[in-house]
Amino acid sequence: MLITNKRIGSEIPSSEITPENIYHERRLFFKSLGIAASSVAFLAASSKQVMAGVNVLPNFIHASNANEELLTPFKHITSYNNYYEFGTSKTDPAENAHTLKTDPWSIKIEGEVEKPLILSLDEIIKLAPLEERIYRLRCVEGWSMVVPWVGIPLSALIKKASPNSNAKFVEFISVSRPQEMVGQRSNVLDWPYSEGLRIDEAMHPLTILAVGLYGKLLPNQNGAPVRLVVPWKYGFKSAKAIVKIKLTEKMPATSWMKANSSEYGFYSNVNPEVDHPRWSQATERAIGDGFLSKRRKTEMFNGYTKEVESLYRGMDLRRYF
Amino acid sequence: MRLSLSLATSKKLIFFAALWPLVSIGFQAYQDQLGANPVEFIERHFGKWTLIFLCLTLAMTPLRKLTQNGRWLLHRRMLGLFVFFYASVHFLCYVGLDYAFAWEDMRDDILKHRYVLVGFLAWILLIPLAITSTKKMIGRLKTKWKQLHRLIYVIAILGLLHFFWLVKKDMTQPLIYLAVVLILFLIRIDFKFLRRS
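Residue numbers (numbering that gives the first Met the number 0), protein chains in the order written: chain A, 0 to 320; chain B, 0 to 196.
It is possible that some hints are incorrect.
Unchecked claim - Label-pair restraints from in silico Cβ distances:
| # | chain 1 | residue 1 | chain 2 | residue 2 | range |
| --- | --- | --- | --- | --- | --- |
| 1 | B | Leu18 | A | Leu291 | 20 to 28 angstroms |
| 2 | A | Ser175 | B | Asn68 | 21 to 29 angstroms |
| 3 | A | Lys293 | B | Arg187 | 57 to 65 angstroms |
| 4 | B | Thr8 | A | Asp189 | 36 to 44 angstroms |
| 5 | B | Asp31 | A | Arg176 | 46 to 54 angstroms |
| 6 | B | Leu150 | A | Lys293 | 45 to 53 angstroms |
| 7 | B | Leu174 | A | Leu316 | 51 to 59 angstroms |
Unchecked claim - Keeping only pairs whose Cα atoms sit at most 20 angstroms apart, straight-line, the calculated EDC-like set for lysine to aspartate or glutamate is:
| # | chain 1 | residue 1 | chain 2 | residue 2 |
| --- | --- | --- | --- | --- |
| 8 | A | Lys296 | B | Asp31 |
| 9 | A | Lys293 | B | Asp169 |
| 10 | B | Lys168 | A | Glu113 |
| 11 | A | Lys89 | B | Asp31 |
| 12 | B | Lys168 | A | Asp274 |
Stated by the list, open to error - Output of the computed footprint for chain B on chain A, the stretches with three or more beta carbons under 8 angstroms from beta carbons of chain B:
| # | segment |
| --- | --- |
| 13 | 79–92 |
| 14 | 266–279 |
| 15 | 309–319 |
Rather than coming from a laboratory, the hints here were simulated on the basis of the structure. Cβ atoms here follow ideal geometry from the backbone N, Cα and C, with glycine treated the same way.
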């Protein structure tokens, strides 16, 4: 397994690696996020190695094999995106996403909960300590990236609203603002974008709400200001720019299920054994590896089998794809 | 202008112009503009140019009819060979760059995914057309040559399907190519009817 869920901490003092100006810039934007001074130190410590151009991060990456895993470069993570709200080409979001206003922002939590809530982004990131999580993001189209996200466990937010006993599923609704999101002016998907998880998947410690990557605030094209990240599922499950979280008794229909239910199932767990009609799910191309590199074998649950297989015990994963 | 050029000159001009896709991708590679997924970028680039040359090849007969000038057909063979050339480069990118000669993975990909399968079939069907494109073969096959080369219509349909089935949701691009091919097909049919009456 590549990742880890390791709280950032750090063996190397940031001053050793991060050029001072970058370090101060970072202090500024984390201040603007409202993070306590101690977290600033942690985050700075975690991200500075990358900022300084060091690619190998042995402290963060716990590969099951001996191979060293590399983070995907920031420029690729922020220029190759599937975010149809800003256009259907991979390069559209980086060009068009700047028009979305992400401040102020709040998330409404409603449905099968004891305490419906509306929380601002500042309040959300104070629910739990921000952590850096280095996850592989596997797209259903057969490519993957390794992204150092910064966020909080989604469970912290859901617990705050106290789900009742009817809460079996969690629906995520993304923002709908055609004036600010050029792609929403065409009906390529059923807007607003919606996704869903089973409650146990949503409460799983690997599932996070991300607000940053590479130690910086999340760029708009990556789902700013707050997005879901569910690392053992195909990328489209990780909804971006979330404004509403609804706990439900029935399985919600997601945007991609409505678009093409025979190709996109509710679960959409990464599974090299269950092929997609269009793309091979047996292998994937690692973005940023250069064009003479080989495709890598896709791992069951994207490499998180140990952590998540218990969620699906006894389920036929071909049927519930 | 066109008429004032000798055939040899216009052929040379078209030949060099047709190398543009190689020059442009080379330039983009040199400028480091192939993006986050260069393999996909290069594959798509040559796939797109294969379709463009296919449309150009299919445009020669309609142009002859519209302009009442037979000269267009004298360029058709070279354009057709460029279709085969770019389709082969596109296929080689898939084999060498994308799959790095992993034959088993490739076989599974071709057999399991219909868009890959139709694209592969289209390339296979181009081979006999390229082989029989010489004057000698035209003379030898006579009427059969014409029948054989009608395969280009099947290839065009397979090529379009290849594109349609690849696209996840936004069909704008493949629809544009479909519209062009349909217009080129319709012009042929239309003219035949007119001649009969």
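Verification of the supplied hints:
1. Hint check: B:Leu18 to A:Leu291, Cβ distance near 24 angstroms, so the stated range 20 to 28 angstroms holds.
2. Taking the beta carbon of each, A:Ser175 and B:Asn68 are about 55 angstroms apart, not inside 21 to 29 angstroms as hinted.
3. With their beta carbons about 45 angstroms apart, A:Lys293 and B:Arg187 fall outside the hinted range of 57 to 65 angstroms.
4. Checked against the given bound of 36 to 44 angstroms, the beta carbons of B:Thr8 and A:Asp189, roughly 56 angstroms apart, lie outside it.
5. Between B:Asp31 and A:Arg176 the C-beta distance comes to about 34 angstroms, which lies outside the given range of 46 to 54 angstroms.
6. Taking 45 to 53 angstroms as the suggested C-beta distance range, the pair B:Leu150 and A:Lys293 does not conform, at roughly 35 angstroms.
7. As the Cβ distance of B:Leu174 to A:Leu316 is approximately 35 angstroms, the hint placing it in 51 to 59 angstroms is violated.
8. For the hint pairing A:Lys296 with B:Asp31, the CA-to-CA distance comes to about 27 angstroms; that exceeds 20 angstroms, so the pair is violated.
9. Straight-line distance between C-alpha atoms of A:Lys293 and B:Asp169 comes to about 29 angstroms, which puts the hinted pair past the 20 angstroms bound.
10. A distance of roughly 39 angstroms separates the Cα atoms of B:Lys168 and A:Glu113; the hinted pair therefore is violated under the 20 angstroms criterion.
11. Simply put, A:Lys89 and B:Asp31 have alpha-carbon atoms about 17 angstroms apart, close enough for the 20 angstroms limit, and the pair holds.
12. Distance restraint check for B:Lys168 and A:Asp274: the Cα-Cα separation of roughly 18 angstroms lies within the 20 angstroms cut-off, and the hinted pair is therefore satisfied.
13. A stretch counts as covered by a chain when three or more of its residues have a beta carbon under 8 angstroms from one of that chain; for the segment 79–92 of chain A and chain B the count is 5, and the coverage holds.
14. Coverage of the segment 266–279 of chain A by chain B holds in this model, with 5 residues showing a Cβ closer than 8 angstroms to a Cβ of that chain against a need of three.
15. Chain B is given as covering the segment 309–319 of chain A, and this is violated because 0 residues of the stretch bring a CB closer than 8 angstroms to a CB of that chain, at least three being needed.
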